[in-house]
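Spelled out from the first residue to the last, the chains are:
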Amino acid sequence: MNIKKMSYVLSIMAIVLFLLITENSFASGNTDFKVRVIHASSGSQYMDPALVDLTSELTSVFKYTSYKLLESDSLSIGFNQSKTSTLPGGRVLEIRPVEMKKGRIKLNLIIRKSGKQIFKTVVQLRNNSSITLGGPEYKGGYLLFNIFGSN
Amino acid sequence: MKECRKYRDEMLGLFADQELEPPLHDQVAKHLKSCEACSSYVESVHNFSYAYTSFIKDEVSSAEISIEQSRRMKPEIRSGLSLSKLLNPVFFKRICLPVISFVAIILVSVNVFNFNMAGLLDPGVEPSAIVDSVDGEVSSVMIFETARDHQTVIWFKEVI
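Those sequence lines, one after another, are chains P and E.
Under numbering that gives the first Met the number 0, the first residue of the first sequence is numbered 0, with each subsequent residue one higher.
Under numbering that gives the first Met the number 0, the first residue of the second sequence is numbered 0, with each subsequent residue one higher.
Hints listed in this document are in silico derivations from the structure and should not be mistaken for laboratory results.
Since we're looking at a predicted model, the values are computed, not measured.
Among the clues, some could well be false.
Stated by the list, open to error - EDC-like, lysine to aspartate or glutamate: derived pairs with alpha carbons at most 16 Å apart: (1) P:K112 x E:E136; (2) P:K33 x P:D72; (3) P:K115 x E:E157; (4) P:K119 x E:D131; (5) P:K112 x E:E157; (6) P:K100 x E:D131; (7) P:K119 x E:E157; (8) E:K156 x E:D134; (9) P:K115 x E:E136; (10) E:K156 x P:E136; (11) P:K101 x E:E125.
Generate the whole structure from the sequences, applying the supplied hints.
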């Protein structure tokens, strides 16, 4: 094998090794989250315009007739860092992205009330998609927390 | 240079090598009987040819043997062409190496760049979130997925 061919092969190997070593670095440092707090109830029929992207999904699984957006919060969080979003009823949502692997963001979601951990889940959220948590009772209805993540 | 000019040197050389046609050969032979100059020239050509052929005789024999050996080896060489073609440096460089490199890059990219092949083929097939664990002060937990967009929903009931 001449030098030119050898250098070609070594270049390919170097690129492969570089990609393997720096696998996680290709995921952006911060993950952007959008948290929407939704009040679902069986009152008069109403669909908040800000929830148009969730309408069909929500109505397909829940029997409620009214969906109102209470709060919306945007967070930008680095891996292995956490930020909180205030929820109605003295609750706090803590989001902690852990890593990005195979197109999914692994993150910890913790809901606390009065400083006490009420609910915790570890999920692998597909990039640019959302998960909905629910539903603590609130003012004659229930609270839904839609969390959208994008890296 | 010989004195007689009846026959050219080339003609006499051919005579010495026995390469003249019989009628012409006989004519030259008859001339040589009476011409000392041409006879001397032919004799000198004979001596040179003898010395030359005696020198190269072995070399020619060796060449004949190697030619014979290569003829005998040709079938074996032909039978190995398919393997030798694959190992041919040009074939390997121009075809195999780029193909192997391309396949390797694709395989690494699928893994390293977090490509989800199932998601690429049909992003709607997989759920939006895969639940690894659930914990907390809850009395019940339900995990389900919407039909159309495969949205993951976790429904929990707090312990009052």
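Now for the hints, and whether the structure bears them out:
1. P:K112 x E:E136: Holds, at roughly 11 Å.
2. P:K33 x P:D72: Measuring from Cα to Cα gives roughly 6 Å; hence the hint holds.
3. P:K115 x E:E157: The hint holds at about 12 Å.
4. P:K119 x E:D131: Since the Cα atoms of K119 of chain P and D131 of chain E sit roughly 11 Å apart, the hinted pair holds (cutoff 16 Å).
5. P:K112 x E:E157: With Cα atoms ~11 Å apart, K112 of chain P and E157 of chain E stay inside 16 Å; holds.
6. P:K100 x E:D131: 14 Å, holds
7. P:K119 x E:E157: With a Cα-Cα distance of about 12 Å, the restraint between K119 of chain P and E157 of chain E holds, given a limit of 16 Å.
8. E:K156 x E:D134: 12 Å, holds
9. P:K115 x E:E136: Given that 16 Å is the threshold and the Cα spacing comes to 9 Å, the pair holds.
10. E:K156 x P:E136: It holds: about 9 Å lies between the C-alpha atoms, which stays within 16 Å.
11. P:K101 x E:E125: 13 Å, holds
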